[in-house]
Amino acid sequence: MQKPVIATTSLAGCFGCHMSLLDIDERILELAELVEFDKSPFNDIKNFTRQCDIGLIEGGCCLDENVHVLEAFRKNCRILVAVGECAIMGGLPAMRNGIPIKECLDEAYLNGPTVRNTNEMKIMPNDDELPILLDRVYPCHEVVKIDFFLPGCPPNAELIWNALNALINNSEMDLPYEVFKYD
Amino acid sequence: MEQSVSSILDTYQRDPTQLMDILIDIQSEAGYISDQAIEQAALGLNISKADVEQTRSFYHFFSKKPRGKYSIYLNTSVVACMMGRDTVARTFEHETGIPFNSVTRDGLIGLFETSCIGMSDQEPAAIINDRIFPNLTPFRAKELIRDIKAGKTMDELIVEGFGDGQNSNKDIRAIINNNIRKIGPVLSPDYKPGKVIREILPKMTPGQVIDEVKNSNLRGRGGAGFPTGMKWELCRQTESSEKYIFCNADEGEPGTFKDRVILTERPKLLLEGMVIAAYATGASHGILYMRHEYKYLKKYLENLIQGAHKRKFLGKDIAGIKGFDFDIRIQLGAGSYVCGEESALIESAEGKRGEPRDRPPFPVEKGYLNQPTVVNNVETFCAAVKVLLNGGNWYRSFGTKDSTGTKVLSISGDCRNPGIYEVEWGFSVNDMCEMAGADDLQAVQVGGPSGSLIGPGDFDRILCYADLSTGGSLILFNHTRDLLQDVVLNFTSFFIDESCGSCSTCRIMPVLLRNKLNKILNARGMNSDIVDMVNWAKVLKASRCGLGQTAANPIVSSILNFKHLYDQRIRGGTHYDMGFDLNRAIQEAGTATGRFPLME
Numbered sequence: 001m002q003k004p005v006i007a008t009t010s011l012a013g014c015f016g017c018h019m020s021l022l023d024i025d026e027r028i029l030e031l032a033e034l035v036e037f038d039k040s041p042f043n044d045i046k047n048f049t050r051q052c053d054i055g056l057i058e059g060g061c062c063l064d065e066n067v068h069v070l071e072a073f074r075k076n077c078r079i080l081v082a083v084g085e086c087a088i089m090g091g092l093p094a095m096r097n098g099i100p101i102k103e104c105l106d107e108a109y110l111n112g113p114t115v116r117n118t119n120e121m122k123i124m125p126n127d128d129e130l131p132i133l134l135d136r137v138y139p140c141h142e143v144v145k146i147d148f149f150l151p152g153c154p155p156n157a158e159l160i161w162n163a164l165n166a167l168i169n170n171s172e173m174d175l176p177y178e179v180f181k182y183d
Numbered sequence: 001m002e003q004s005v006s007s008i009l010d011t012y013q014r015d016p017t018q019l020m021d022i023l024i025d026i027q028s029e030a031g032y033i034s035d036q037a038i039e040q041a042a043l044g045l046n047i048s049k050a051d052v053e054q055t056r057s058f059y060h061f062f063s064k065k066p067r068g069k070y071s072i073y074l075n076t077s078v079v080a081c082m083m084g085r086d087t088v089a090r091t092f093e094h095e096t097g098i099p100f101n102s103v104t105r106d107g108l109i110g111l112f113e114t115s116c117i118g119m120s121d122q123e124p125a126a127i128i129n130d131r132i133f134p135n136l137t138p139f140r141a142k143e144l145i146r147d148i149k150a151g152k153t154m155d156e157l158i159v160e161g162f163g164d165g166q167n168s169n170k171d172i173r174a175i176i177n178n179n180i181r182k183i184g185p186v187l188s189p190d191y192k193p194g195k196v197i198r199e200i201l202p203k204m205t206p207g208q209v210i211d212e213v214k215n216s217n218l219r220g221r222g223g224a225g226f227p228t229g230m231k232w233e234l235c236r237q238t239e240s241s242e243k244y245i246f247c248n249a250d251e252g253e254p255g256t257f258k259d260r261v262i263l264t265e266r267p268k269l270l271l272e273g274m275v276i277a278a279y280a281t282g283a284s285h286g287i288l289y290m291r292h293e294y295k296y297l298k299k300y301l302e303n304l305i306q307g308a309h310k311r312k313f314l315g316k317d318i319a320g321i322k323g324f325d326f327d328i329r330i331q332l333g334a335g336s337y338v339c340g341e342e343s344a345l346i347e348s349a350e351g352k353r354g355e356p357r358d359r360p361p362f363p364v365e366k367g368y369l370n371q372p373t374v375v376n377n378v379e380t381f382c383a384a385v386k387v388l389l390n391g392g393n394w395y396r397s398f399g400t401k402d403s404t405g406t407k408v409l410s411i412s413g414d415c416r417n418p419g420i421y422e423v424e425w426g427f428s429v430n431d432m433c434e435m436a437g438a439d440d441l442q443a444v445q446v447g448g449p450s451g452s453l454i455g456p457g458d459f460d461r462i463l464c465y466a467d468l469s470t471g472g473s474l475i476l477f478n479h480t481r482d483l484l485q486d487v488v489l490n491f492t493s494f495f496i497d498e499s500c501g502s503c504s505t506c507r508i509m510p511v512l513l514r515n516k517l518n519k520i521l522n523a524r525g526m527n528s529d530i531v532d533m534v535n536w537a538k539v540l541k542a543s544r545c546g547l548g549q550t551a552a553n554p555i556v557s558s559i560l561n562f563k564h565l566y567d568q569r570i571r572g573g574t575h576y577d578m579g580f581d582l583n584r585a586i587q588e589a590g591t592a593t594g595r596f597p598l599m600e
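Sequence order for the protein chains is A and B.
Under my numbering, the first residue of the first sequence is numbered 1, with each subsequent residue one higher.
Under my numbering, the first residue of the second sequence is numbered 1, with each subsequent residue one higher.
None of these hints come from the bench; they were simulated from the model.
One or more hints might be untrue.
[Stated by the list, open to error] Straight-line C-alpha distance at most 27 Å; calculated DSS-like pairs for lysine-lysine: (1) A/Lys145 - B/Lys519; (2) B/Lys366 - A/Lys145; (3) B/Lys563 - B/Lys538; (4) A/Lys46 - A/Lys102; (5) A/Lys75 - B/Lys322; (6) B/Lys352 - B/Lys298; (7) A/Lys75 - A/Lys102; (8) B/Lys366 - B/Lys310; (9) B/Lys65 - B/Lys195; (10) B/Lys310 - B/Lys322; (11) A/Lys145 - B/Lys563; (12) B/Lys352 - B/Lys322.
[Claimed, not checked] Cβ-to-Cβ under 8 Å is the rule here; a few derived chain A residues that face chain B: (13) Val35; (14) Asp64; (15) Val69; (16) Ile99; (17) Thr118; (18) Lys122; (19) Ile132; (20) Asp135; (21) Lys145.
These numbers come from a predicted model, not from an experiment.
Each residue gets a CB set at the ideal place from its N, CA and C atoms; glycine is no exception.
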């Protein structure tokens, strides 16, 4: 039987969820036996090379580029899993959602303490090559269909491991309280 | 202002439970409630600033900033919109030069929106400085703004002449019409005020009064239908030296206006009913909690209460019954639908935010100031008078077996004769539509937004507690109306605006449901959206009060009875669409950076 193929990405996230996946420690070897990785920061494959079975998404969408990547994941993965707070609810980046974009940009490039006296030309980066900000940070499921959600900031390594196991073996997920208890 | 806040505090003996009245007076005197006034009130009442602040921030008619010398509150209810509210609104904006929710630069005129003001039979209507201006047209709106700018007084703004019946009374002087279309045994003008108090009560023990009301099988007329006799008995059985009778005249359910007409035309009947309840339960204080929108009736009612004192219908040893003391005061609300829920109403009357309480304990055990309290609807008290006058058996001869007596209905919308109708329980929706002169109907909203939206297939259903229960409102829609856009969306927004925010279910879920509905209205909906709405709506049942529990009713009952309207608007197949629009999402940043990306 062909090994299941996994793809992962970090959108508007901090890579903490990816780090948490690595926290499965020596079982990473076991995982490497069980699955193959396609597009992922783990192997630095930039573009999809084939249809994948499982896509793990860290982070929400704060840029147009995030939306394009997420849509590519939806297109190329049979199952999409939103991993962690940011992917599920927008997380920390979504703190800007109550503030108008103009205010955020002005603070970052014109008025903030680190730029106030250095950006004399009052330049606001707007090269066409740069991704463009969305009006707010969107959780993944507001952009594409998400099949499963793994909560946590980051989700416990065991939770990710158990979820992958369940998906790969098409079995019931082992979900003891400890793996998603955070307070 | 400092001086006047201090004198307002003195008027109410610096009693923190009178905070509502205090804030209403400050608001009406200064046009707003400043932070400084809050500080002064907190100090004077010996409560925290937060206590005053949270009451101010809860109610729609309290404001932190000036609302203009002339504050115009234009109704946004479904019926107002049907009757041309939007063109009136645009005229107000055009003539004043400001958008809604703002005040002109000279501070003369403020434009604001407000939920249903109880004038559904004469919409569109607005409140200007506590007075009602019904039947507005763009022309009339233009005229009003012109007259205000010309410096005319409130009295001079009224050019229509006063309404029928007591609306022309010197203490009311309102342009409003009663539109009483059908009178039954409860509202019958054949009534001699005080007869029950003077001739019947002295011959009966409180227990006998309760038995008679029980025998009549009278149930609460606010909508929930709790047996009135039982409520009185439970209150009677609770031991306490202080008990309270509340009349719930916070008629906020959009489309309902019957209490307004009763308060105008049969107020003595209501007051007599409260006295009877006081006698039956052993209460010595009565509070008539009236919505702020009906403030124009306050002086009239206060004079009537004074008159009742003179005639010994209120006061000490009423009707010569030793130790039977009872008085009534009026408590105004300040614009909040949820205060129609009895425990929220009690909280509000105590000067707090109108947040419903956890139950038990029920108000009959621990209500106002933690004392046993009976809260009844205006119409319930009126019916109780007729029950004692003519007997429970007589009352039971009207209506159906489980729903005895009559119901006063408020009918509005697409019909020739909007107004109030007192009919026996047991009439069908069809009968009522015929009576109101409506044909070509697409739908009827029974019982306001928290009730149900039914189609012609259900018009033979019966108005009674067992089938179609209603607090009294029927709104009729003909085939020109877009039910989802004009009705369901409006009602859902109403619940969002009026949630007290206490339960997360009610604070969040209606917003999510409205997003889904908007997605469908924007032609981005899918079958799964409808399934989601029905499933998600169940969460609302976990809310503490009726507002939260019924907040999804407009959506759920329209899906149940008008599924085809949804089907027409959704995309078929398995296509998945979250309603996300990338082009729209990047517009703001494109404008902010001066970069206008090419549209894909």
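- request: Please write out, lowest number first, the hints stated earlier that are contradicted by the structure.
  value: 2, 4, 5, 7, 8, 9, 12, 13, 15, 16, 17 and 18
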